[in-house]
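*Asks:* With the hints as extra help, turn the sequences into a complete structure.
Each residue of the sequence shown is one higher than the one before, counting from 1 in the numbering used here.
There's no promise every hint is true.
Taking lysine to any residue and the SDA-like style, the derived pairs with C-alpha atoms no more than 25 Å apart in a straight line are [said to hold, decoys possible]: (1) 4 - 115; (2) 92 - 75; (3) 162 - 111; (4) 57 - 40; (5) 23 - 39; (6) 53 - 69; (7) 73 - 19; (8) 22 - 162; (9) 110 - 174; (10) 92 - 78; (11) 96 - 53; (12) 77 - 28.
Read the hints as simulated data drawn from the structure, not as lab findings.
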Amino acid sequence: MQIKIAPSILSADFSAMGEAIKKIELCGADLIHCDVMDGTFVEPITFGGQMIKNIRKLTKLPLDAHLMIEHPKTQVKFFAAAGADIITVHYKACKKISDTYLEETLALIKSYGVKCGAVVNPDVPVENIFPVFPLCDIVLLMSVYPGYGGQKFIPGALDKIKKAREYAVNIGRPELDIEIDGGVTMQNAAQIREAGANVLVAGSAVFGAEDMAEAIAALRR
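*Replies:* Quick look at the structure:
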């Protein structure tokens, strides 16, 4: 299974975002992870669809929009129109609204021709999203609590990765992308890959590296 590295622009210099996007593409990134925060589901506010629209002009890499927001269904059309290739939404945000809201939101994302995915926080069992695995193109497991970069990896995420990969195989979806987000470093990347994740989100491990190309290559291998 292809290992994909997704640098998170949350760790980039927002005053030079264009240069950062071009550099990570040249350095071998596979996709660009865009952390969208609304100040309600998580405390910080980052950016919305306009940032995705502007980035879209600068790169051919897939844009992975991770919506850490309340009422994600209301925002899907904006991110789809802006050029997001993947949109992921949180189980916890959807569950607050209704038992069917997550499935409805994933179906809406797919109706725009965009790949979709469900996200679980460290305190949410991965089994909670097993019912929507058939709808998902990607499953995102948080290995830190969402909202801030630079947190340490929560080891319990490794077991959740294994469970997610095993379930994907059992339902005939061995190719399902399993993404891990939070605290990914050169020291734990091998464990993460061995557990079954094939998409690694990395913020400071890439943007804080002296040699970004080598950092991306090291995370992949």
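*Asks:* Now tell me if each hint is right for this structure.
*Replies:* Here's how the hints hold up against the structure:
1. 4 - 115: Within the cut-off at roughly 16 Å; holds.
2. 92 - 75: holds, 16 Å
3. 162 - 111: violated, 30 Å
4. 57 - 40: Between residue 57 and residue 40 the Cα gap is close to 29 Å, so the pair fails against 25 Å, i.e. violated.
5. 23 - 39: violated, 29 Å
6. 53 - 69: OK: residue 53 and residue 69 at ~18 Å, within 25 Å.
7. 73 - 19: Distance of about 31 Å is beyond 25 Å: violated.
8. 22 - 162: Roughly 34 Å between the alpha carbons, so the hint for residue 22 and residue 162 is violated.
9. 110 - 174: Cα-Cα ~20 Å, so holds.
10. 92 - 78: The hint holds at about 21 Å.
11. 96 - 53: This hinted pair is violated, its Cα atoms lying about 29 Å apart.
12. 77 - 28: violated, 29 Å
Against the hints set out earlier in the document, violations occur for numbers 3, 4, 5, 7, 8, 11 and 12.
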